[in-house]
Amino acid sequence: MEVQPELASGEVRHLQRCINDLVSLLALPAIWSGGDPSQVLHTLLDALMRMLRLDLVSVRLTDLAGEAPVEIVRIAEQRGPMPPVHEICDALSQCLENDSRQWPPLLRNFMGDGDVSIVPLPLGPQGELGVIVAAAERTDFPRQTEALLLSVAANQASIGLQEARLLSDQKRVASELDQRVALRTAELAAVNEELKKELAERRVMEEKLGQEERELKRSEVRKAAIVDSALDCIVTIDHEGCITEFNPAAERTFGYSRDDVLGRPLANVIIPLSLREKHRQGFAQYLATGEARVLGKRIEMTAVRADGSEFPVELAITRIPLEGPPSFTGYLRDITERKRAEHELRRSEAFLAEAQHISRIGSFSWRIATDEIIWSEQLYRIFQIDRDAQVTFELIATRIHPEDLSAFQEHIERSRRDRTDVQLEFRLKMPDGTVKYVHVAAHIRSDHGRVEYFGAVQDVTERRASEEALSKARSELSHVARVTSLGVLTASVAHEVNQPLSGIVTNASTCLRMLAADPPNVEGARETARRTIRDGNRASEVISRLRSLYGKKDPTIESVDLNEATREVVALSLSELQRNRILVQQELADGLPLVAGDRVQLQQVILNLLRNASDAMSTIDDRPRDLLIRTESDDNDQVRLSVKDVGIGFEPQATDKLFEAFYTTKNEGMGIGLSVSRSIIERHHGRLWAMPNNGPGVTFSFSIPCRAESSTSDSTHAGRIPPVPDAA
Amino acid sequence: MELRQVRRATERPLVSVVDDDESVRESLPDLLGEFGFAARAFSSAEEFLASDCVDQTRCLILDVAMPGMSGPDLQQELKLTRREIPIVFITASREATIRPQVLAQGAIECLFKPFSDTALLEAVNSALRSK
Chain W
14 MEVQPELASG EVRHLQRCIN DLVSLLALPA IWSGGDPSQV LHTLLDALMR
64 MLRLDLVSVR LTDLAGEAPV EIVRIAEQRG PMPPVHEICD ALSQCLENDS
114 RQWPPLLRNF MGDGDVSIVP LPLGPQGELG VIVAAAERTD FPRQTEALLL
164 SVAANQASIG LQEARLLSDQ KRVASELDQR VALRTAELAA VNEELKKELA
214 ERRVMEEKLG QEERELKRSE VRKAAIVDSA LDCIVTIDHE GCITEFNPAA
264 ERTFGYSRDD VLGRPLANVI IPLSLREKHR QGFAQYLATG EARVLGKRIE
314 MTAVRADGSE FPVELAITRI PLEGPPSFTG YLRDITERKR AEHELRRSEA
364 FLAEAQHISR IGSFSWRIAT DEIIWSEQLY RIFQIDRDAQ VTFELIATRI
414 HPEDLSAFQE HIERSRRDRT DVQLEFRLKM PDGTVKYVHV AAHIRSDHGR
464 VEYFGAVQDV TERRASEEAL SKARSELSHV ARVTSLGVLT ASVAHEVNQP
514 LSGIVTNAST CLRMLAADPP NVEGARETAR RTIRDGNRAS EVISRLRSLY
564 GKKDPTIESV DLNEATREVV ALSLSELQRN RILVQQELAD GLPLVAGDRV
614 QLQQVILNLL RNASDAMSTI DDRPRDLLIR TESDDNDQVR LSVKDVGIGF
664 EPQATDKLFE AFYTTKNEGM GIGLSVSRSI IERHHGRLWA MPNNGPGVTF
714 SFSIPCRAES STSDSTHAGR IPPVPDAA
Chain U
581 MELRQVRRAT ERPLVSVVDD DESVRESLPD LLGEFGFAAR AFSSAEEFLA
631 SDCVDQTRCL ILDVAMPGMS GPDLQQELKL TRREIPIVFI TASREATIRP
681 QVLAQGAIEC LFKPFSDTAL LEAVNSALRS K
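Chains W and U supply the protein sequences, listed in that same order. The first sequence runs 14 to 741 under the numbering used here. The second sequence runs 581 to 711 under the numbering used here.
None of these hints come from the bench; they were simulated from the model. Computed from a prediction, not measured in an experiment: that's the story for all the values here. Misleading hints may appear alongside valid ones.
[What the hints assert, rightly or not] Coverage of chain U stretches by chain W, computed from C-beta distances (three or more under 8 Å per stretch; other residues unrestricted):
1) 603-617
2) 636-649
3) 652-663
4) 670-677
C-beta: ideal position from N, C-alpha, C; glycine also.
One chain only, chain U, in its complex shape:
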């Protein structure tokens, strides 16, 4: 039983969430867990970079606007260091320019908050398929 759980945990792909909003950090990992993914949440880009999850992360759900390093900043940083994790951006802003901008930089999807569970699942699945 214990063994099975450990094995299942390692089989489940890791989805990391980076968002400065606490309610997102609280709620998204639970939903991702219900989808069958392993999930970790970080309150800033810096915290994520300092963690040991960067290399294991199969999909990164990333907020656009954050104090300190922004989502697009982190996207560039990962690109420069050749750790090209598929990224699904999420944003509460309604600025029309954000989505084409991050997609042009290689993001899988950009979802506007609030988004439905199915839209999220589709985006994460296509992120996982992209590798």
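Excised from the complex, chain W in its bound form:
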């Protein structure tokens, strides 16, 4: 190798500066850690201006939902006062097309100020984050080293922006989750309060119903006593309305002795003051015209006792068929008790209706032989059918959701035939299009050949709605888990990339020093240059693995080689595992069939299981922290992956709880991993379970079907009306 010392030392100085600039750029993410996107861009642009003697550098970030568009410009000081940012941006976008790949290398007469060379630097793997434009009037711009620095800078900025966005995304999701949890908690508290109130109301109502029953019984006994012991009160009057007879029952009822009232006008004795005038008029009219509204009829009126108290009586008056001036007999019966019982009955019916209204339960009876159907008021309300309508199956059918109708009718026919108790759930569709979910439970009763169903219909729409809200919350959790595990990945990836970068920088520095020595150590330089290339390849492998993990955002179904997926996850998390002194062993079956699924989601599950195993062994010091990850195919066209640790394990009774959201045996962390993992695996038609080992520790496994299975979706509605014969 020929060496021209002066040229070489100049070139070496230049390269040394380039390497120092590179290191500065590489150190930027450490400064950015925790910052926001605009902070990332400001420091980057400052660094580029300083390093490259640029005349102008600008950045434009693609608008993202929820973020203000960002445009920043730096301009060299010697160019004089800086024009407003938006003018430069406008000038730039006039000169440049949207597609940065088609930009010209030279902008002629830019802003009336001569020609500038530009270098566009797309941000993000596909330029989806935005673009940086570096510009200089120098004709030699960009030199080879400058182009390298710029592309590294763009790469660093992409990573920094991704992390900053991820961080703000995480913050946003966490705060949204907090809000949602608070909201749900408040809702639950409100529902709880309402339930308490409802319970208390029901208790009061039940007590009242019991009391009424007792009172009714008592009144029956009393009535029996009246019938047994007393005839009706019998009072006779003469044509002047004066009492001529007053029997013992009347004495008891009105509280007068017979002797006291004989000869006195009836009106003054038993008719309340307010009605006396009317009575006299009626009596006078009868005497004058022979017309009477009361004769021969049972009428109800109010009477008054000796002590002045008033009470309801039933009265029948007949004319005594004797010659001479007319005289009359009145049969009076105290109906206080009957009135009261009637009133109580009306009240208890109202209570029942109210109870049905509150609990949204309606009741019905259905006589099989005649299809005679009787509904409670609440049931009319649930079905939104006019109270006066005659209930028939044809009428009911108009309210049943069309998709559930045939199953409903089948159920009716089966009940008619089998005569067993019924439990079913189906949907109603109201005339305004709203859908209700109802649950029906009915018992069959047979009484002297009269076979009849008695049942209750409950509106469970709200319960359904909260179940759906729950499942929505669960899928949001899985989004949080995705964001979180990507965050964890980013950290371990940074470690994986920094390791070879360190080798690259050290070897390149050594190489330059060896070349600059007198005499130059060419052999040593060649060796260090060779290592630089090798470490460079290592770094780019890590980056391509990272790209494939980040590249896809939405879950998609594809053929997944579980072994390959496992190897990638292990490679990315190996350094973290090693740091925790975990000894990872892989037993991946040869010729493992492909599975159908979302590779990123499955890798998240695997990552979760690895982290769980690692965490479970973090306090183990009396034995090696062995972790075995194994794949195998089993007899039922399923592929199984298991992760075995020798950690602290768990109580056998806690197995089910492990998969509940927020349950965790760890002191820190959210503990959502397992629950979300399980829901991911179940979405792949598989299952995830945990078994204690024979020795220490636990094995977590999941199995999912091989690729062959094609999933169809018409099984979804078949399960809506589950037949539950003979339910207890």
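Add chain U to chain W, keeping to what the hints say.
What follows is chain U alone, placed relative to chain W:
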């Protein structure tokens, strides 16, 4: 000639490198050699402790995260046995808590990989001056 080399070798202060990453063990000693130091590399803290270099080491360049005994573990061990070698930590992690933690325990510097040759030289020099 031979004599001069031997003498120079003994004059050159020994800088030991402990890192589980092979590319670091390969590249750092060469660079340290270019700086004029004698250098030895070890793949683990245990290997370093078992070697005969512990007492001669004037500066220890130590990785933070390693399988087995970690860098901070070795720092504690050396402290307990009163062999207080100035330590320059190096780490590929970006965890913000590591640096203040090891500095509080008496480390000279903590460099984040990748670091420049000048940053390394400065750190080693201040380690050598500290004694």
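**Asked** For the stretch 652-663 of chain U, do at least 3 residues have a Cβ located nearer than 8 Å to some Cβ of chain W?
**Response** Since three or more residues must qualify, the claim that chain W covers the stretch 652-663 of chain U is violated, with 0 doing so at under 8 Å.
Taking 8 Å as the Cβ threshold, is the statement that the stretch 603-617 of chain U is covered by chain W upheld or broken by the three-residue rule? holds (count 8)
**Request:** Tell me if chain W covers the stretch 636-649 of chain U under the three-residue, 8 Å CB rule, please?
**Result:** Since three or more residues must qualify, the claim that chain W covers the stretch 636-649 of chain U holds, with 4 doing so at under 8 Å.
Cut-off 8 Å, C-beta pairs, minimum 3 residues; does the coverage of the stretch 670-677 of chain U by chain W stand? As far as the stretch 670-677 of chain U goes, the hint holds, because 6 residues have Cβ atoms under 8 Å from chain W.
When held up to the earlier numbered hints, the structure conflicts with hint 3 and nothing else.
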